[in-house]
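2 protein chains.
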Amino acid sequence: MAENRIAIIGTGLIGASIGLGLAARPNRNYEIVGVDRDRTHARAAKKLGALDREVGSLEEAVERAGMVIIATPVVAARRILEDVGRYLVPGAVVTDVCSTKAEVMRWAAEYLPENVHFVGGHPMAGREKSGPEAASASLFEGATWAVTPSPRADERAVQAVLGLIEALGAIPLYIDPAEHDQYAAAVSHVPLLASVALFRMVRDSQGWEDAALLAGPGFRDVTRLASGDPTMARDIMLTNREAVIHWIGRLQQELSTIRAALEAGPEPIYDLFKSTQLDRDTFIQNPPQRRRPEGIEPPSARDAIGRMFVGGLYDRIKETTERLPTAPRDDADLKRKLGIEDDRL
Amino acid sequence: MAENRIAIIGTGLIGASIGLGLAARPNRNYEIVGVDRDRTHARAAKKLGALDREVGSLEEAVERAGMVIIATPVVAARRILEDVGRYLVPGAVVTDVCSTKAEVMRWAAEYLPENVHFVGGHPMAGREKSGPEAASASLFEGATWAVTPSPRADERAVQAVLGLIEALGAIPLYIDPAEHDQYAAAVSHVPLLASVALFRMVRDSQGWEDAALLAGPGFRDVTRLASGDPTMARDIMLTNREAVIHWIGRLQQELSTIRAALEAGPEPIYDLFKSTQLDRDTFIQNPPQRRRPEGIEPPSARDAIGRMFVGGLYDRIKETTERLPTAPRDDADLKRKLGIEDDRL
Chain A
1 MAENRIAIIG TGLIGASIGL GLAARPNRNY EIVGVDRDRT HARAAKKLGA LDREVGSLEE
61 AVERAGMVII ATPVVAARRI LEDVGRYLVP GAVVTDVCST KAEVMRWAAE YLPENVHFVG
121 GHPMAGREKS GPEAASASLF EGATWAVTPS PRADERAVQA VLGLIEALGA IPLYIDPAEH
181 DQYAAAVSHV PLLASVALFR MVRDSQGWED AALLAGPGFR DVTRLASGDP TMARDIMLTN
241 REAVIHWIGR LQQELSTIRA ALEAGPEPIY DLFKSTQLDR DTFIQNPPQR RRPEGIEPPS
301 ARDAIGRMFV GGLYDRIKET TERLPTAPRD DADLKRKLGI EDDRL
Chain B
1 MAENRIAIIG TGLIGASIGL GLAARPNRNY EIVGVDRDRT HARAAKKLGA LDREVGSLEE
61 AVERAGMVII ATPVVAARRI LEDVGRYLVP GAVVTDVCST KAEVMRWAAE YLPENVHFVG
121 GHPMAGREKS GPEAASASLF EGATWAVTPS PRADERAVQA VLGLIEALGA IPLYIDPAEH
181 DQYAAAVSHV PLLASVALFR MVRDSQGWED AALLAGPGFR DVTRLASGDP TMARDIMLTN
241 REAVIHWIGR LQQELSTIRA ALEAGPEPIY DLFKSTQLDR DTFIQNPPQR RRPEGIEPPS
301 ARDAIGRMFV GGLYDRIKET TERLPTAPRD DADLKRKLGI EDDRL
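Respectively, the protein sequence lines represent chains A and B.
Quick note on numbering: the first sequence equals residues 1 to 345 in the UniProt record's numbering.
Quick note on numbering: the second sequence equals residues 1 to 345 in the UniProt record's numbering.
Derived by calculation from the structure, the hints in this document are not laboratory data.
All C-beta atoms, glycine included, are put in the ideal place defined by N, C-alpha and C.
It is possible that part of the hints are untrue.
[As the list claims (entries may be wrong)] Computed footprint of chain A on chain B; a stretch qualifies when at least three of its residues, placed anywhere within it, have a C-beta under 8 Å from a C-beta of chain A: (1) 27-36; (2) 186-199; (3) 234-245.
Next up, chain A with everything else stripped away, as it sits in the complex:
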């Protein structure tokens, strides 16, 4: 039987930040349990108040948990999805926070039992530092959080994950997993590689020691992502290899375009800088908004995480799970295709 328990698998920066955000909610009616392969991480997260309890095994963490949040690098998430099924109660809602989504959705479909609900997720937030010590309850405030429900996830399981996201102050965005990975390659994964490339380019040059003396805050900022966790970076690139390679090529082309403008003279290079500045200023001042079905404003799902346990949401998810071997696929597929939020939420 499920208890009012949320399990966090992986208590690094993201997992511990989720724990801190959930622990800070007033009148909460759930227990937060955490596990990490590196137990010092789980203990640190517990000490920071991100967990009520830290345990030594995946089984202990997820047993009787109504919601399981996988917050590890992508390749470790695969092993967890392979193993976790045997310990889950029927109707459990499983989500993740991995940086790539298509492979994760594939593994979830392959490994998880049919009576649990997988809803993929990816918060567009992070910090230079990793580990629980860098965690913050406000890490996700205002951040976009991509949501990729599996076709067999019940609507109410999706609602529970939306509740989690909104409880942390983030803004959910429905997106197709393949589209997510294409766009994430462009706005996140290749910028990370550019940061790594810029640092290596200078570091490997003969003039490094002299160049480093001149390197100001601009160079530190632009190479910040090169200090990120190498395991996470490797996993991202390996599980999104095709898209990343495509966008590396596009970046090289853009650099060639800029070089050509520079060789062409003052006007072409000025026009290029000026139009880019205008476009970026527009993007910063009027960022694109999520599309919603016209005229329909969905009620806030902010309280769904609390209701999950008190209001019997978990029991209803479980009931549906037992009634229907799979949730209706068409609705979810269509919704993901259109990239819209469901108006019933």
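Assemble chain B onto chain A, guided by the hints.
Chain B alone, transformed into the frame defined by chain A:
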């Protein structure tokens, strides 16, 4: 006859920040006069307290000024160096804050009269925003400030510029102008181009509107430099074209190296990320230090800007100027070559 006057030509972000820093010094004994081609900038700088007086012409700004600071984009600095000589008093110290140095040094040698002292400069500091409204007295705190004295600059003129730099809380670094431009291309100019290229790559893609929804703080940070002033960017690239084109090629090579590691499999790409992370962490935790001649600690030049006028430093510069048609070249050349600070300062 020279008065206790410092003239700032160009009162944008950098010029106004210098003015604010100089105006904030206790018991200061100099007047700060500013001029800008866009007079609303000069008026804004005056209103912010960065200037004691704003004037409408170059001539009014520099007449009888002991020190002139050129704080414009590089190409505008050329026109100012062409024009300003006729208005300067003998012995005046002229410096600049332009992002490239070899061309500026060439123009100064060509256009300035022999009886004024040019000491090139470049503070490694800036902000996304431009204009006097973005100015701050603390902009240069802890920043490296490259110093490239002209061969005919008197030692005491160099001392006055070092005093200016230290008064603003920055750390002077002697460097050869050509070396400065090579390294600045690597740590500053090509990172700016990478930022522009990353933004254009995503902005010009068909999926821009969807990709923009996913773009988080990481994308905003990494494309921040693309919002900089396009005139300044153009001038930097045009006056440092050869070095910039060289480093664009190096960046493209690094991207190809990363792609090859990604195609080679999990271990090569992990090793690449891991070694880059270690190198960058070392750079951040133990940044390289300026080399000093062993055993010699130069006394602080922090008060030279104040002494410039009260202590008769200006008169001594002027006297030397009148005695010697050019300052000894060998000493200055050697010093620049070795990249060391002069032990007499």
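Could you work out which earlier hints the structure fails to respect and list their numbers in ascending sequence? 1
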